[in-house]
Amino acid sequence: MDWLGMWKDGIRVVRRSPGFAAAIIITLGLGIGANSAIFSLINGVLIQPLPYSSGSELVRLRAGPVGAGGTPGNLSPLELVDLRERSRSLDAVLEYHTMFFNLLETDREPERVQVGVVSWNFFQTLGVDPVVGRAFSEDEDHLDAEPVLILGYDYWLSRFGGDPDVVGRSVEMNNRPHRIVGVLPPVPTYPNQNQVWMPWYACPFRSADSWHLNRQARSLHTVGRLADGVDVAAAEAEIDRIAQDLRAEFPDDYPGVDRVSADLLPLKEELTTGAQGPLLTLMAMSVLVLLIGCANVANLTLARVSRRQGDLVVQSALGASHGRIVRQLIGESLVLSLGGAVVAVAIAFGAVGLLADWAQALSPRFNEISVDGWVLAFTALISVAVGVGVAAGPALFSTRDVTTLRERSSSGSRASQRFRSGLVVVQVAIAFVLLSGSALMVRSMSNRLNVDPGFDVEDVLTLTIDLDWAAYPSRAEAVPFYRDLLTRIEERSQVEAAGVASDFPMSGSTFQSQRNLSIEGRPVDGQPPTINARFVSPGYFDAIQIPLVRGRAFERSDDAQSEAVVLLSQAASVRHFSNGDPIGQRISTDGGQSWATIVGVVGDVRQADFESGLNEEIYFPFEQTGFVRRLLVRAAGDPGELARALTEDVYSVDPNQPVSFVQTLEDAASARVASPRTITTLLSLFALVALVTAAFGILSVVAFTTSQRRHEIGVRLALGGERRDVVLMVLTRGLTMIGAGLVVGCAVTLTLSEALSGFLFGVSASDPATLGGVALGLLAIATVATWLPAWRGSTVSPVDAFKAD
1 MDWLGMWKDG IRVVRRSPGF AAAIIITLGL GIGANSAIFS LINGVLIQPL PYSSGSELVR
61 LRAGPVGAGG TPGNLSPLEL VDLRERSRSL DAVLEYHTMF FNLLETDREP ERVQVGVVSW
121 NFFQTLGVDP VVGRAFSEDE DHLDAEPVLI LGYDYWLSRF GGDPDVVGRS VEMNNRPHRI
181 VGVLPPVPTY PNQNQVWMPW YACPFRSADS WHLNRQARSL HTVGRLADGV DVAAAEAEID
241 RIAQDLRAEF PDDYPGVDRV SADLLPLKEE LTTGAQGPLL TLMAMSVLVL LIGCANVANL
301 TLARVSRRQG DLVVQSALGA SHGRIVRQLI GESLVLSLGG AVVAVAIAFG AVGLLADWAQ
361 ALSPRFNEIS VDGWVLAFTA LISVAVGVGV AAGPALFSTR DVTTLRERSS SGSRASQRFR
421 SGLVVVQVAI AFVLLSGSAL MVRSMSNRLN VDPGFDVEDV LTLTIDLDWA AYPSRAEAVP
481 FYRDLLTRIE ERSQVEAAGV ASDFPMSGST FQSQRNLSIE GRPVDGQPPT INARFVSPGY
541 FDAIQIPLVR GRAFERSDDA QSEAVVLLSQ AASVRHFSNG DPIGQRISTD GGQSWATIVG
601 VVGDVRQADF ESGLNEEIYF PFEQTGFVRR LLVRAAGDPG ELARALTEDV YSVDPNQPVS
661 FVQTLEDAAS ARVASPRTIT TLLSLFALVA LVTAAFGILS VVAFTTSQRR HEIGVRLALG
721 GERRDVVLMV LTRGLTMIGA GLVVGCAVTL TLSEALSGFL FGVSASDPAT LGGVALGLLA
781 IATVATWLPA WRGSTVSPVD AFKAD
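Numbers 1 to 805, taken from the working numbering, label the letters of the sequence shown in order.
Because the hints were derived from the structure by calculation, they are not lab data. Just so you know, not all the hints are guaranteed correct.
[What the hints assert, rightly or not] Here are the computed distance ranges between Cβ atoms for each label pair:
(1) Arg134 with Asp252: 37 to 43 Å
(2) Gly127 with Arg86: 23 to 29 Å
(3) Arg247 with Gly640: 52 to 58 Å
(4) Asp372 with Arg16: 33 to 39 Å
(5) Ser210 with Glu105: 29 to 35 Å
(6) Ser17 with Ala377: 26 to 32 Å
(7) Asp258 with Gly640: 48 to 54 Å
(8) Asp372 with Gly640: 36 to 42 Å
(9) Glu563 with Glu146: 46 to 52 Å
Nothing here was measured: the structure is a model prediction, and the numbers come from that model. Where is the CB? At the ideal position from N, CA and C, for every residue including glycine.
Modelling step: build the complete structure from the supplied sequences, incorporating the hints.
Below, the structure is given as structure tokens:
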């Protein structure tokens with residue numbers, strides 16, 4: 001094949017028809033770029049192997065009592081030891097859990113850091129070698145060892161400026177010094193990107209007898225490495241037998257357990273389970289965008305080839321073979337598609353950062369997303385495929401038509417006409433699918449944002465204050481700190497209300513304290529009902545404006561020395577006191593050991609997100625029971641301007657207590673819809689590109705067809721035909737194609753409705769109002785795109801038409 005000749009032909013097209021070339025390159029660049037950007041996500045999250053040594057041999061391990069969801073859970077330290085000793089199918093068993101501790105250094109502000117607590121061989125087994133210093137050592141794997149730390153790479157840069165001499169330095173954590181022994185490389189660390197890492201014995205909670213020697217303290221996240229020649233099924237069977245043996249040997253540590261089991265899952269699958277659906281959906285949508293672009297380019301190319309029919313006939317008469325003509329057309333198309341690839345790479349580079357930020361909510365592998373060699377190869381491959389594909393149709397019909405000379409008034413073979421019409425139908429159908437999906441997502445997002453969360457998100461600043469457990473080991477020691485802090489804050493003129501709480505709505509935290517509810521005078525038959533418990537100060541309800549429905553709110557006098565009181569949410573009041581007033585009734589959440597009087601009922605709140613139901617809540621004054629860690633302040637102006645002042649207030653009470661997670665309540669609530677908002681935005685962009693491309697495709701096809709019928713139109717007008725009849729004739733043909741596309745698009749949308757329904761809220765995937773509105777809107781735009789060339793064609797002069805013929 002004459003490759004050089006093909007490229008020369010393609011470059012000649014660009015030079016002779018720059019406008020045509022630019023339209024093709026931009027159209028294909030948008031479609032290929034969308035696919036390249038989404039493929040960079042799929043490649044980094046779903047395809048690439050784990051960035052660890054023999055990552056395919058790593059498994060997520062659960063064993064022990066089968067939970068309510070049908071899956072065994074985490075292991076206790078003693079179960080972990082037994083598993084290491086008894087298993088032959090696993091070469092290594094790693095433990096992990098994460099905690100937050102306060103890190104103190106001289107002459108620096110205290111900082112709350114996320115700490116990964118791991119077994120000593122965690123990084124060695126994963127094959128992650130520190131860039132500075134060393135990993136944890138087996139010699140240190142005992143309770144009396146010196147506390148040591150390894151820094152995460154990003155934290156090393158931000159906190160210590162990338163100083164390699166940080167190794168050997170000591171910092172204070174948990175009321176004792178910890179020596180830094182190493183710094184991790186900039187690679188993803190499973191399963192979280194912690195700032196600091198410590199061995200299990202340095203964690204005061206993990207090393208305490210209540211956890212360390214408690215077989216029922218099952219809270220260790222466990223990872224295993226398969227031995228050579230062992231598959232997941234064989235390892236799972238062995239771990240299952242070990243779990244059965246442990247239950248038989250220690251029956252007292254498995255009370256009320258019906259069965260025990262084991263569950264092993266390749267680590268890569270666990271890291272990508274939540275990402276597959278959204279990513280594959282976006283990939284499918286981006287493929288549709290590319291298809292509609294290809295259809296448009298194929299139509300433009302076919303129209304151009306039809307105009308060049310005379311030149312091709314001459315080439316054929318001079319001895320050019322059909323193969324030579326096909327190679328010429330493919331070469332022209334390849335040059336244009338590779339030009340689109342250049343645009344696509346630029347789009348991918350520009351989009352990948354934003355997409356990676358969104359993907360971090362789907363998988364911890366988000367920072368493996370990049371435009372690497374695989375993405376570039378994918379872009380090149382798809383560009384070549386597109387170039388050949390969009391040239392195939394025009395090449396086929398051109399070789400048919402050059403066999404005989406045709407009248408210049410001919411619009412080409414009937415087959416080519418049907419082909420062009422079919423491409424229009426495809427464009428309209430795809431545009432309908434994308435527009436319907438986008439419209440449904442927009443309606444769904446609107447439904448989310450219009451839900452009343454039960455509180456006011458505006459003008460509220462939230463801060464997290466996790467008091468050092470060593471300095472404030474009990475609620476009695478913590479109460480004076482928060483009292484003093486709230487007094488200082490409330491004296492500020494910019495503050496309208498302030499309160500502290502165990503958590504706040506839409507925080508994204510998994511914190512939840514469920515209690516069994518007992519009501520005085522009512523015997524419990526079977527399992528008592530559960531209720532969500534929250535611990536707050538009196539100002540909490542004013543700070544986020546949760547309304548008081550009846551009774552009274554908490555007061556400063558509701559302290560440890562006063563009568564125990566509680567507030568109920570309205571949902572809890574309706575369920576448990578539907579036949580009377582709850583005010584004055586007494587309840588217990590500890591099986592009747594202590595009782596509290598209900599003094600008020602407050603409004604219901606959506607705690608987790610806009611889609612969650614209204615949970616039953618019970619509120620306790622934090623001075624009487626429970627710990628708090630969140631500060632909420634309603635500002636008279638911009639809440640962001642208070643951040644530094646409130647931090648200084650915390651330091652003025654205790655300079656060793658850090659402030660973290662400073663954000664407005666509005667930002668916290670907005671983060672709860674970040675993922676559907678991103679998908680909605682991407683779908684809307686795809687739909688917009690599809691709509692513009694489809695409209696342009698319809699206009700160009702109808703315009704070309706109309707121009708090819710100039711002689712026929714001139715004859716009609718010369719014989720007394722009306723211009724409106726010409727317009728109607730062209731419109732009828734165009735609307736027939738559009739109508740067929742809408743029917744096909746509607747059928748495809750309804751077929752895909754079940755897959756889309758998982759992303760929607762408050763609207764059905766087959767909602768007739770939405771689908772009907774999209775159909776009418778697309779029909780209107782397509783009608784305009786058809787009418788413009790129809791009107792222009794009706795204005796042709798019969799004399800000019802005959803001269804042109």
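Could you see if the CB distance from Asp372 to Gly640 stays within 36 to 42 Å? holds, 38 Å
Quick check on a hinted range of 26 to 32 Å for Ser17 and Ala377, using CB atoms only. holds, 30 Å
Given the hint of 37 to 43 Å, check if Arg134 and Asp252 actually sit that far apart at their C-beta atoms. Holds, at about 41 Å.
That 46 to 52 Å hint for Glu563 and Glu146 (C-beta), does it hold up? holds, 49 Å
Distance restraint evaluation - Asp372, Arg16, Cβ atoms, bounds 33 to 39 Å: At roughly 37 Å between Cβ atoms, Arg16 and Asp372 fall inside 33 to 39 Å, so the hint holds.
Ser210 and Glu105, beta-carbon distance inside 29 to 35 Å? holds, 30 Å
May I ask you to test the hint 23 to 29 Å on the CB atoms belonging to Gly127 and Arg86? Given range 23 to 29 Å: holds, Cβ gap about 25 Å.
Gly640 and Asp258 - C-beta distance against the hinted 48 to 54 Å: For Asp258 and Gly640 the Cβ distance comes to about 53 Å; the hint holds.
Could you say whether the range 52 to 58 Å given as a hint is met by the Cβ separation of Arg247 and Gly640? Given about 54 Å between the Cβ atoms, the range holds.
Of the numbered hints listed earlier, not one is contradicted by the structure.
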